[in-house]
Amino acid sequence: MSDSQWPLWEVFTQGEKGVPHEHAGSVHAADAEQALQNARDVYARRGEAVSLWVVPSTAIVASAPSDAGPFFDPGNDKPYRHPQFYVAPRGVRMF
Amino acid sequence: MSGHEEASGEPVVAPKGAPPKIGAPREAPVSNPLADYLLRLGDDRLILGHRLSEWTGHGPILEEDIATANIALDLIGQAAPLLALAGTAEGQGRSEDDLAYWRDPVQFRNCLLVELPKGDFGFTMVRQFLFDAYSVLLLDALAGCGHAELAALAAKGLKEDKYHLRHSSAWVIRLGDGTEESHARVQRSLDELWRFTGELFVPDAVDAAVAAQGIAVDYAALKSRWDAMVNEVLAEATLTRPADGPMRVGGRRGRHTEALGHLLTEMQSVARAHPGASW
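Line by line, the protein sequences give chains A and B.
The opening residue of the first sequence carries number 1 in the numbering used here; numbering runs sequentially from there.
The opening residue of the second sequence carries number 1001 in the numbering used here; numbering runs sequentially from there.
Just chain B, same shape as in the assembly (with noise of 0.2 angstroms):
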């Protein structure tokens, strides 16, 4: 931990210009691509983890609690050294644990998908079987792309999601399939999340500008598979697809739900109650 005091107030994305109005969307331009793109990979994966590990202890049984234990720590040791990466990309002197620690949910890119509380067991396998397919055909996209680094980082976490996608699909068919409480329970899960997965798709400046320095992921055919895998899931599930609705997005400019302000609160308070101390 060192340098944090320049993390605590600036905005990782400086905005040019004048303030935006309040209630006006802050779409400013972004002034360093590659370090937003390499956040929103990091900060996904950080704040799932953190997800994750809420359920350290209640599992609803104690081999599933520690493979959810198990995940959980892959998603943070996925998520440490791309904001390492981004921490390089953005070029002052920050390190994984100052974004990690000691910025504000203004300042974090992840998709609103992540940040929702954890809900019952069934929610969060919802979650995490929607997030692990995505994941795993971004992460098949990014392993073949141009920036050597992120490529290696993409190659290593894949092989990890293949196994979390084995493991939470795995539960939402034995959920979906299961009993008439289990059933109505991920339906509805599945219902309530839906709005949130349209984020997951709609490539904006940030991957345009990316897409030019090598970082180039087709959203239309990484939607379309994915909707293929979810499709294959859902069915065995015998779980009910939801229809394409208004779509929740934002996280990716920072614009956040509630819930991500808790979430950190409870993360980051080890490290700002101790400034700099190492263990």
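Pulled out of the complex, with its shape left as it was, chain A reads as follows (with noise of 0.2 angstroms):
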């Protein structure tokens, strides 16, 4: 199905500083700072952001669930990957 409206961006909220900005959504915008004002309305407005991030849809490069088996599946039979086996130091710990 084509998709009439305006072209489509991703919404990235920053709940609190320092953590990372996370996926919220998406909105049609006609172009960046409406795609950024349409976004502090439908996602930051109840004061859920500090901080806002829009991509255009387009830009968003996106494994495809065909890959999920050679891209993925790998990784859990590797245990040498997961660095759990060491006993970090206390000082390490603390963060």
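Hints are not guaranteed to be accurate.
Unchecked claim - Derived pair list, reagent style EDC-like, types lysine to aspartate or glutamate, alpha-carbon separation capped at 20 angstroms: (1) B:LYS1223 to B:ASP1244; (2) B:LYS1118 to B:ASP1191; (3) B:LYS1156 to B:ASP1074; (4) B:LYS1159 to A:GLU48; (5) B:LYS1159 to A:GLU33; (6) B:LYS1223 to B:ASP1140; (7) B:LYS1223 to B:ASP1191; (8) B:LYS1156 to A:GLU48; (9) B:LYS1118 to B:GLU1192; (10) B:LYS1162 to B:ASP1227; (11) B:LYS1162 to A:GLU33; (12) B:LYS1156 to B:ASP1140.
Derived by calculation from the structure, the hints in this document are not laboratory data.
Since the model is a prediction, treat every value here as computed from it, not as a measurement.
Two chains, two separate frames, one set of hints: put the complex together.
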């Protein structure tokens, strides 16, 4: 189905200073400023965010469902890639 | 909701002396200028908020529908404590709800600009822009005034209004500098609305009286800053600023267009159908 509305933008919100921006959803907008304003009104009007990113949806390169096998499965049987065998010194654990 | 019975009959401002002759301007002295001034601030935002809320479910696109509803809520949220403060200043025990739902048009003190029917989306955005620019400057001035509660409300509202202005100016620019049709429509809206802008900057006896109580706004300075803001956006929008002709006034003294009566009929219908109901 073709979308007859304005271009789609992906919205990322940062809940508080210092934490990563997380994907919140998407909005339609004719340009970047409007995308930012629409993102603010749709995803940040109740004080959910301290910072917003908007990215044209077309700029996102995504893996396909058919990639799932070769991309992600091999990680499960390679325990040496997981560093949890090591005992971390107390000073490090504080972080 | 309580005490509405005393609200429905009595005008907020009791004219002293003989009643004015029919057709003569009602320029009786205002008995309580502070209450009247706070009503002007509250009513502007209540009525404009209601006008904007009429777009809910009818916005040109989902995101804009949410944006206009959001701004409408901001404005009604600003109106509530201003009306509560007006009720306190009035000293007759009227709450914000009594003032919003149990006054008649002649008792409202909003400027005419905000009560005009919403028109098309371009008309709504041009009106919003003209008011937002005024409101940002006014609240900025009031945030430093000598009335502590009003200053606090102005500082809070100012943050919201700066966003409203960013939103409405972006639309004026987009539509003005858009297609041939969008340009023609917003230019026509601007031409229609212009004669209602003069009222925003004409101080009267109420302004003079509250200035003596520490709420002094320099309207000449406000107007020149407003002119600069408006000119900048209109230039970017490729719109022509209308010439300053005769200006429509009267809202601040309760002389309204017929549009306010229709608006209030709808806005007050639930409260008046169920007096004293709480929800």
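Hints, verified against the model:
no.: 1; hint: B:LYS1223 to B:ASP1244; verdict: 13 angstroms, holds
no.: 2; hint: B:LYS1118 to B:ASP1191; verdict: 15 angstroms, holds
no.: 3; hint: B:LYS1156 to B:ASP1074; verdict: 11 angstroms, holds
no.: 4; hint: B:LYS1159 to A:GLU48; verdict: 17 angstroms, holds
no.: 5; hint: B:LYS1159 to A:GLU33; verdict: 19 angstroms, holds
no.: 6; hint: B:LYS1223 to B:ASP1140; verdict: 13 angstroms, holds
no.: 7; hint: B:LYS1223 to B:ASP1191; verdict: 18 angstroms, holds
no.: 8; hint: B:LYS1156 to A:GLU48; verdict: 18 angstroms, holds
no.: 9; hint: B:LYS1118 to B:GLU1192; verdict: 12 angstroms, holds
no.: 10; hint: B:LYS1162 to B:ASP1227; verdict: 17 angstroms, holds
no.: 11; hint: B:LYS1162 to A:GLU33; verdict: 15 angstroms, holds
no.: 12; hint: B:LYS1156 to B:ASP1140; verdict: 10 angstroms, holds
Of the numbered hints given earlier, the model fails none.
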